[in-house]
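These protein sequences, in sequence, are chains A and B.
Mapping to this note's numbering: the first sequence position 97 is 97, numbers consecutive.
Mapping to this note's numbering: the second sequence position 173 is 173, numbers consecutive.
Hints are computed from structural coordinates only; laboratory data are not their basis.
Heads up, some of the hints might be wrong.
[Claimed, not checked] Output of the computed footprint for chain A on chain B, the stretches with three or more beta carbons under 8 Å from beta carbons of chain A:
id: 1; segment: 24 to 37
id: 2; segment: 118 to 131
id: 3; segment: 140 to 150
id: 4; segment: 224 to 238
id: 5; segment: 281 to 294
Think of the CB as a built atom: it goes at the ideal place given N, C-alpha and C, for glycine as much as any other residue.
Now for the letters of each chain:
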Amino acid sequence: MIPVVVEPEIGGPPTAPTSGAPLGVGRPRSRFGRLVPNVVLVVSAVFFAMPLLALARFALQNVPTVLLGWDTLFDKWSLKGVTGVFKEEQFWASLRLSLKLAFGTVLITLFLLLPTAVWVHLRVPKARSFVEFVTVLPYMIPAIALVAGIVVIKPQARWFLNSDLSLIPFYVVLALPFTYRSFDAGLKALDLRTLVDASRSLGAGWGTTVMKVLVPNLRTSIIYASFLTAAVVMGEYTLADTLLIESLPPFQQKFVGREPQAGYGVNLLALVSTTLLFAMVALLTRKRDPKRKTFARAAANAALTSDKAQNNT
Amino acid sequence: MTDINLAVGGRTGNGAAPKARRSWAWLGLVPFFAFLFLFLIVPAISVFSNAVRTEDGLSLSAMGEAFSGQNRSAFWFSIRFSAIAAATGVVLGTLLAYAAATATRPRWLRNVVTSFSGVAANMGGLPLAFAFLTLLGRQGVLTKMLDEGLGIDLYGGDFDLGSVRGLVIVYSYFNIPLMVLITLPAIDGLKQSWREACANLGGTSFTFWRRVGLPVLAPSLMGGFLLLFANSFSAYATAAVLTDNSKIVSRRIGFFLGGDVSIGEDAVGYALAAWMIIITAVAMLFYWLARKRAERWQS
Chain A
1 MIPVVVEPEI
11 GGPPTAPTSG
21 APLGVGRPRS
31 RFGRLVPNVV
41 LVVSAVFFAM
51 PLLALARFAL
61 QNVPTVLLGW
71 DTLFDKWSLK
81 GVTGVFKEEQ
91 FWASLRLSLK
101 LAFGTVLITL
111 FLLLPTAVWV
121 HLRVPKARSF
131 VEFVTVLPYM
141 IPAIALVAGI
151 VVIKPQARWF
161 LNSDLSLIPF
171 YVVLALPFTY
181 RSFDAGLKAL
191 DLRTLVDASR
201 SLGAGWGTTV
211 MKVLVPNLRT
221 SIIYASFLTA
231 AVVMGEYTLA
241 DTLLIESLPP
251 FQQKFVGREP
261 QAGYGVNLLA
271 LVSTTLLFAM
281 VALLTRKRDP
291 KRKTFARAAA
301 NAALTSDKAQ
311 NNT
Chain B
1 MTDINLAVGG
11 RTGNGAAPKA
21 RRSWAWLGLV
31 PFFAFLFLFL
41 IVPAISVFSN
51 AVRTEDGLSL
61 SAMGEAFSGQ
71 NRSAFWFSIR
81 FSAIAAATGV
91 VLGTLLAYAA
101 ATATRPRWLR
111 NVVTSFSGVA
121 ANMGGLPLAF
131 AFLTLLGRQG
141 VLTKMLDEGL
151 GIDLYGGDFD
161 LGSVRGLVIV
171 YSYFNIPLMV
181 LITLPAIDGL
191 KQSWREACAN
201 LGGTSFTFWR
211 RVGLPVLAPS
221 LMGGFLLLFA
231 NSFSAYATAA
241 VLTDNSKIVS
251 RRIGFFLGGD
261 VSIGEDAVGY
271 ALAAWMIIIT
281 AVAMLFYWLA
291 RKRAERWQS
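So here's chain A without its partners, still in its complex pose (with noise of 0.2 Å):
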């Protein structure tokens, strides 16, 4: 898995077009242009519910599975059947662990990585091309290789690799190419330099101006990067099935062989964590804009907007 980051999220002006509307606004469409794309998003939208909903019948429904056809469709819903893994002790201690590794990457994240991508923009602004060019080299080494390598490397390190939370500077790496790239949107959308003179010069220290100038300005892209690890993190197979180390995914596979409902109800709580997340990331991200405050304010201005662009062309 790769995982990506949504650039216009991130700091700067969102991407509107610098000259020209984009294309398709304010066309004429022909009936067929019209439907085309209306069937598109109506077949894309039944293909991305469709495996979570299963998912949910098979954790929901207190049907046994050969009977999940159509007859059954809202028969016997409850949560039953999922809330027996809070019974399990192992799901707590594997919840646990992949809470400790979530949080320890987290943190090395940002206090490895952020003045590391401070610091390129301040002081060494002609490296930044390198050093954005070697963030991307773990897309470059699947997980399953880099584990490889760990497990070469095992024995020389027994008195580090032993531990469990040996995994978190893996992680790191792992989650470099993108919380790197986060940081780096957002520096670049600041005039750093100034905003550092400015505060030294009123005074400040480096631990003032980090905590206070530095730190709100890149609210965004530290919540972003954060959030976007953790849910990595709390979801990584690869690396911990592979050293046997006992974190939240090695179970949810363990225990689907176990006990297969509980199981798909673990795995269905796991999609829709991750999902609410995610909302909440877009949530806290989104821009204080205070021309934007409402929806009926924003959609207001995007017609707006349209309406020029037809006056245009």
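Position chain B relative to chain A; hints supplied.
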């Protein structure tokens, strides 16, 4: 701090630090590079060194063995289904991005498509595999509903979620949204005025796409294909649920690392991993170049 004096005094125009300072500034990057070296470069190099080392010195025999027999068919299978999955993702993802970009009716639609793509593109792994198992597996909900409702027996032929067709369907769940995220900015980069200019010069809609639209989108489409290929090729967790131990390369490496293999074949597992790094690295390198090229039109 000297820079502040300089900035205030304005002696050097853009606040460039003096030479002596600049050479020390590199030291600030040492922790980062050391970290990366320890936790990424060292493991990667160990894979290569274990792939070519035998009891009596260096040998490329394992690297060759990784391409013969069962390993060869695993590579062939992986490359084939990754390429098909990538092509499917490129076509359907671009179609969906275009639909979202041109749909004017509900204004929130575009935001929903982008946000959902951001979620779904990151939604690989176990839960997704299990979701498809409950949908299209032998006991799957859709399998049963198709059978009951329309009399279509999905498993009458050679369909299986671990086959090329099955994996392509499952991987499309994260490949299509990933493609949407890649092409949407590129499609936004196509200006309405270009279309008008084309029409004024007597071009049809076909001319526009042939001469302007596709050439501008080409780097994004090409880059998207490579990224999706690498993404499908290196995926492990999803495949772990859907395929057996040795069908695809990533699973085969996991099988070798599991240790149920005789010592002599040890190097082959690392050779497989080494080849995997080489293939993914080449794909990502070209993706990187394509992306730099695509950004030209997206100011």
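How the hints compare with the structure:
1. 24 to 37: It holds, with 9 qualifying residues against the three required.
2. 118 to 131: This one holds; 13 residues, not fewer than the three required, reach chain A with a Cβ under 8 Å.
3. 140 to 150: holds (count 8)
4. 224 to 238: holds (count 8)
5. 281 to 294: Three-residue rule met by the segment 281 to 294 of chain B, so holds; n is 4.
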